[in-house]
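Peer 1: Since the structure of chain D is already known, use the hints to place chain Z on it.
Protein chains in written order, with our numbering: chain D, 1 to 557; chain Z, 1 to 557.
Be aware that a few hints might be false.
Identical chains blur together in the list; that is why a pair holds if it fits in one copy or across any two.
Derived lysine to aspartate or glutamate pairs resembling DMTMM-like cross-links, with alpha carbons at most 25 Å apart [claimed, not checked]: (1) Lys-488 / Asp-518; (2) Lys-327 / Asp-74; (3) Lys-338 / Glu-298; (4) Lys-293 / Glu-246; (5) Lys-25 / Asp-278; (6) Lys-283 / Glu-479; (7) Lys-487 / Asp-59; (8) Lys-480 / Asp-554; (9) Lys-523 / Glu-476; (10) Lys-496 / Glu-112; (11) Lys-25 / Asp-109; (12) Lys-258 / Glu-246; (13) Lys-293 / Glu-371; (14) Lys-501 / Asp-518; (15) Lys-293 / Asp-59; (16) Lys-111 / Asp-256.
Simulated from the structure, these hints should not be mistaken for lab results.
Protein chains: 2
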Amino acid sequence: MTDAQTITQPHAASKSMDDIVALSKRRGFIYPASEIYGGINGFWDFGPLGALLKNNVRDAWWRAMVLCPPIGPDGHPLQIVGLDSAIIQNPRTWEASGHVGGFNDPMMDDKETKARYRADHIWVYFPKQPASVRFGIAVEAGSFEEAEQRFDKLYQTAKWQKIVRKAAKVFNFNPDDHYWLGMKRPGNITEEEARNAFGPAGEYPGTWEARCGTELSKEDLAITRSPDADEFGTLTEPRMFNLMFETYIGAIRDEDAKAYLRPETAQGIFLNYKNVLDTTRVKVPFGIAQVGKAFRNEVTPRNFIFRSREFEQMEMEWFCPPDQSQKWYEFWKDQRMKWWRSLGVAPGNLRFREHDQEELAHYSNACVDVEYQYPFTAPGFGELEGIAHRGDFDLTQHMQHSGAKLEYFDQQRNQRYLPHVIEPASGLTRGVLVLLCEAFTPDPSRPSKVFMKFHPAMAPVKAGIFPLVNKDGMPEIGEKLYLELRKKYAVEYDAKQSIGKRYARMDEAGAPYCFTIDGDTLKDNTVTVRHRDTCQQQRINIDRVTAFLTENIDRGD
Amino acid sequence: MTDAQTITQPHAASKSMDDIVALSKRRGFIYPASEIYGGINGFWDFGPLGALLKNNVRDAWWRAMVLCPPIGPDGHPLQIVGLDSAIIQNPRTWEASGHVGGFNDPMMDDKETKARYRADHIWVYFPKQPASVRFGIAVEAGSFEEAEQRFDKLYQTAKWQKIVRKAAKVFNFNPDDHYWLGMKRPGNITEEEARNAFGPAGEYPGTWEARCGTELSKEDLAITRSPDADEFGTLTEPRMFNLMFETYIGAIRDEDAKAYLRPETAQGIFLNYKNVLDTTRVKVPFGIAQVGKAFRNEVTPRNFIFRSREFEQMEMEWFCPPDQSQKWYEFWKDQRMKWWRSLGVAPGNLRFREHDQEELAHYSNACVDVEYQYPFTAPGFGELEGIAHRGDFDLTQHMQHSGAKLEYFDQQRNQRYLPHVIEPASGLTRGVLVLLCEAFTPDPSRPSKVFMKFHPAMAPVKAGIFPLVNKDGMPEIGEKLYLELRKKYAVEYDAKQSIGKRYARMDEAGAPYCFTIDGDTLKDNTVTVRHRDTCQQQRINIDRVTAFLTENIDRGD
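Bound-form chain D, shown alone (with noise of 0.2 Å):
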């Protein structure tokens, strides 16, 4: 038996990503979508405990923004209203907005093998010195700090002996005859000028240039050829891409006919912004939130659901007085912060990541991420949600787009002004990966060996209920017991094999509790309660099932 003060939370990157893919299609929580047809790139389905968590993640967020909305500054519960706009809105709202002229992705294609990569993800190692040397190494990865790293494990395993017999080709020389770190000079440079670019041998140089795929002209491309990390062919130059998908409304295919999936969900806030002014009660400073699937067409969808094609959003964007906007970026950045520990997130696998001002984009005064550590990027974050500051970009675009009106006469100051906007944007389909990595914890004591350890209000399913045999009256009870239960909790009951595989299977699924129905159940009307994060076990009275979950799924919010 393991207790729970023993376990700690396992570091993201003990982690192992294929073991949480595995485990989330083995119990149902993440399928690959059409898998029965060899899949689809970057698109997935959710399970039956998938579809579970993910709409407990939905309604929290819901709940949060629209339901009970948060205590103002001003000690009153602000004014937050929700919103369910199509995916397909009329195309000039992709034109106002941006994403038509601007969503675009630069990629780079690989010639010989025709993959395509985006090209701020590719990195290209240039010797510093001389600049004679026309040899390139390309990695690709999502950040700087990740090429970095590859390019340093890179160069310390046998792959480098690879490129170096690759490179040997391209540059016309011995590759065993090399004493610079296994790459002898090219036959155009000097010695010393070589010594100069690869630096002594068995050290790492650190008189290498690395230069993002974005930047790489024509002829940098030319000396960057082949002699590659053993993945690449020779790339073209970066080309723009754009990222919506595109479909045809109607039978003629023209292009008045085009429009566009949505690519996020906060365009059919703005869109509706003076229709919930006009027919609701709500003043500035307020809010309009919403759920729903958007879509990219990514180049390189990866990391199991965190970059997919297809995906949930949860925004709000907050109208406020220009001059209390950042009063307001403020506010949603600690709150957003909170709402997300409130999940079970631990506060040390979450940080604020405050975008600096080149990486801002067009639109946007200031933003920050709220980061995570995924095992796949750890020891560094990735994005989880962005609070950016949009100021009155979009209200501007839309109202110069579509002629409508769009300023706010704010009564109180007797004033008309275009409100600002803070705008929280998260991902469900990320909040759910998160939830996801964050329960997944390895247990060698266990039979499942692993244990999902969701918060209780999190997870997918509250309590298994199951008689210990399949007789003896104990199926009747548990039945009964199930039966109540389930008005109020997502709970299974199970019937069938040892407890021991039935315990095994909660662990996996997440369930915080199981109730078994005994032998001493039908002399004393007591139930066994089996803890998933101690495994621990206690006796309580039937009777007292639901309030024990009462106050046990409730706990922490």
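Peer 2: Just chain Z now, kept in the frame of chain D:
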């Protein structure tokens, strides 16, 4: 004050669809999508009240299917699990399902106006005798009954004169020189022939033959041109048009990259049938349920959200042994009707309609629609849900197309078979429309002239909380009550405007109760409860308000 007993549910025909659409917009139930850009045909946005209402229907269905499945014929609860599959799946899915080959609507274009019509919504009336009368009158209508009504009306109105004048030009006769119902015999027939064709003057002839657009030949269309119902030019022959929206995945737009937006959620379930069997504990018979968006590139979206291009479905596939399928078909038929009634839809406004053999889809052994009497179909009915006996069509198709083994080994029977499927498939969007139509209750005695009589459990807002005046300590008490109630219910706090206006707004929102804090509250701790349906008021202690809502909201469940 109106007495509840005197208000009977008005007949659908007495409710104006225009009024329902106007209220939906005015109170923030449903807005036209992209309204500031002039809209987009066939797409709608759910506003603050609409989103709440839709969520209530969605959650009630999910609860009835996944969280608390019905008790089966054997007295034990059924096994149904949830799913949430991607909108975009491997395109081979839709080849297997028959949607690529067969999900087509025959369409006709108007060569002059460029408008496009569903051929099965075009009805052309030809004089029965003689065949040589080269003349036809086209009307557009969703059903034959509707077409007859339109033709009949047309026949009796001044519009007829217009048609005659048009026909006169084409058939070269003098429009003023006519004696058969405003129609002179065309020159190439005798007076007797024409009399037979058109009947005696002033009398509905009954000698017209209606032919559906789908049955029209080139020859038929040649004689239909121009002399129409003032709406049509020259119609082309019917041509097939696939209703699936297409898009391309990745940057290359070729046949390999083509994908579709799902036209139904059902196929995502069939794709995961094996995954669910392999990763959960269900055994046949069991169900898989999901709620989600679907898209159909409808030629003529219409009737508000009844036939839109983007909509939501709630579908459950029930997998059962072939020899039990008829029993389960009857079971689900019964369950689904009960469920719609439980949402407060009057039994008289719902009916079953069994599809006859000719109408059945190729995959279906039997199908029954749950129909509702919409204002635009009254006195007729229109589809709300279909309960289809799909046999093993889908699993067979996917087994053949994917090569995956989808047969089920039934341990109890020691038998291997492909389960048969019963599919209760309902529209979530249509469910919302039904609740809006059903709730819409004109009442001239109220300031709002109308109130929305939602079942309390479905009402988007359960209660309004109003301080009578926005001072004297009343707002503080009101806000405290609001903060207490919102933990459990969707409630609104509103302190502005006259109390009459606030009640009127809540009548249109369909909030079953309003709680008003007034001078007496300060003295004796009571509030006024105002009942939506009766406008009657009572006083209860403020501490009893939560209990009052609990007792009343769930009544009838």
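Peer 1: Now tell me, hint by hint, if it's right for this structure.
Peer 2: Evaluation of the provided hints:
no. : hint              : in the structure
1   : Lys-488 / Asp-518 : within (24 Å within a copy, 36 Å between copies)
2   : Lys-327 / Asp-74  : within (12 Å within a copy, 61 Å between copies)
3   : Lys-338 / Glu-298 : neither (31 Å within a copy, 45 Å between copies)
4   : Lys-293 / Glu-246 : both (15 Å within a copy, 17 Å between copies)
5   : Lys-25 / Asp-278  : between (47 Å within a copy, 10 Å between copies)
6   : Lys-283 / Glu-479 : between (51 Å within a copy, 17 Å between copies)
7   : Lys-487 / Asp-59  : both (17 Å within a copy, 13 Å between copies)
8   : Lys-480 / Asp-554 : both (23 Å within a copy, 22 Å between copies)
9   : Lys-523 / Glu-476 : within (15 Å within a copy, 53 Å between copies)
10  : Lys-496 / Glu-112 : neither (55 Å within a copy, 69 Å between copies)
11  : Lys-25 / Asp-109  : neither (32 Å within a copy, 48 Å between copies)
12  : Lys-258 / Glu-246 : both (7 Å within a copy, 11 Å between copies)
13  : Lys-293 / Glu-371 : within (21 Å within a copy, 30 Å between copies)
14  : Lys-501 / Asp-518 : within (16 Å within a copy, 60 Å between copies)
15  : Lys-293 / Asp-59  : both (15 Å within a copy, 18 Å between copies)
16  : Lys-111 / Asp-256 : between (34 Å within a copy, 19 Å between copies)
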